[in-house]
Amino acid sequence: MRPSTRKAVVIVVLALAGALGGLWTSHVMRGDATTSATPAPEITLTDLNGKPVSLTQYRGKLLLVNFWATWCAPCLKEIPLIINAQKRYGAQGFQVIGPALDDVKDVQALAAKLGINYPIMADFASADAAMATLGNKQGALPFSVFVDQKGNIFKTVLGGLREDDLNSLIEAHLSK
Amino acid sequence: MNAPNRLTLALLLAASCVLPCLAVAGGLWHVQGSTNDAPDILAVDDAFQLQPVEHTRQGLKLGWYVSPGYYLYRERISIAAAEPASLTLPTPVLPTGEKHHDEHFGDVHIYRGGRYDVEIIGAKSLAKLKQVKVSYQGCAESGVCYPPQTRIVDIVTLTSTTKSNTP
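Sequences listed follow chains A and B, in order.
Read in order, the letters of the first sequence correspond to residues 1 to 176 in the working numbering.
Read in order, the letters of the second sequence correspond to residues 1001 to 1167 in the working numbering.
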C-alpha cells in the first residue's frame, strides 16, 4: 500500500470511529433522558365548582395534564386526540386532566361542544401559576405535562401533540 | 491505486463525512424528543412590541411591531380609556390585516410580522385622556399562543406603567 493510500485509510478509520462514538453517545443520552424523571411539584388547580384539585390525588395513574384555553386554536385542534386517548387508554390507568386559563362559563360551553371526557378546571390565575411552576415561563399554550404512576414528570411538551407520538408515549409508559 | 480502490476510498470518505453529522443530529433529536419538547419562542413583549401612545393632530396613535414568525388577532384588540376611565373612546381605526379562517374561530384577521399602527380620531374629546387600556392576543407560527395581554399605557410619559396577563 502506498503511503498516501495508507494515510487516507487511517483518516477514514478515525472518522468512522468518531461517528460510532457519536452514535453511542446519542444512545446513552437518550437513555439518561427517559430515565431522569423529576418529581411533580405540589400544585393546586381549581375545578369548575371552585374546589381545589391536586396532582397527588392521581398518584398510581399515568397522568396527562393538558393546559388549554378557549382562545387557543392549537389547543382546540389537539383536544379531539386527547379525548380519543382518554377513551382508548382510560381503562388501563391513563388519566387526563385539563386546566384552562380561562373563565368557567367559556370553558363549560366549549367542553360540552367538544365532548371532553376528562376532568377540566378553569381558573386563569391558578393554572398560570401551575404552568410557571412546571417550567412554562412564557405562559404559552398548549402545554402538556406527563406524570408517571409514581408521580414523576417524564415529559413536557409546549405546542400541539401528535396522535402517533401521544399514543406511543402512553403505551410505552402503561406497559412499565 | 486502481479504479475500484479509488471508488471504495471515495465512498468511505463520503461516509466518514456524513456519519458524524447523522450521529450528532440523532443525539440532539433524541434528547429533545424524550424530555422537553419546546419551540424556542420569544417573551410576549418581544413578540408583540407595543409602541408608545402618541397624541396627534387627529387624536391618538398607537401600534405594535409584530416580530417575524408571530401574529396578532385583529378581533382581539381592544382599546379603552383608563384615566379618566369614564371617557368613551371613538372606534379605533385598525389595519385590515390578513384574512384567516379558523375551524373554531371562523373568519378572522391577523397581523403577521411587521409594524401595525392604530389611529383613534377625535382630537378634542381625547385631549383630557392620560392613560389607555390596551388588550391584545396573538400566537407564534410555531403553534403556540400567548394568553390575552392587557397594558395600561401612560400617554404623557409614553411608557407602560402597569402590566397584566389576565383577560
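One or more hints might be untrue.
[Claimed, not checked] Cβ pair distances, simulated, as ranges:
1. S1135(B) x L114(A): 42 to 52 Å
2. K51(A) x P1090(B): 53 to 63 Å
3. D103(A) x V1108(B): 49 to 59 Å
4. Q1049(B) x G115(A): 37 to 47 Å
5. G135(A) x S1135(B): 46 to 56 Å
[Unchecked claim] Pulled a few chain B residues facing chain A out of the computed Cβ check, cut under 8 Å:
6. D1037
7. A1043
8. L1062
9. Y1065
10. I1110
11. G1113
12. Q1137
13. P1147
14. I1152
15. D1154
[To be verified] Quick list of in silico lysine-lysine cross-link-like pairs, DSSO-like style, CA-CA up to 30 Å:
16. K1124(B) x K77(A)
17. K105(A) x K1128(B)
18. K1133(B) x K105(A)
19. K150(A) x K113(A)
20. K176(A) x K105(A)
21. K1124(B) x K137(A)
22. K1099(B) x K113(A)
23. K1130(B) x K1099(B)
To be clear, the hints were calculated from the coordinates, so they are not data collected in a lab.
Backbone N, C-alpha and C fix where the C-beta goes; we use that ideal spot for every residue, glycine too.
Identify every previously stated hint that the structure contradicts and give their numbers, smallest first.
Hints 1, 2, 3, 5, 8, 9, 10, 11, 14, 15, 16, 17, 19, 20, 21 and 23 are the ones this structure does not satisfy, whereas the remaining hints hold.
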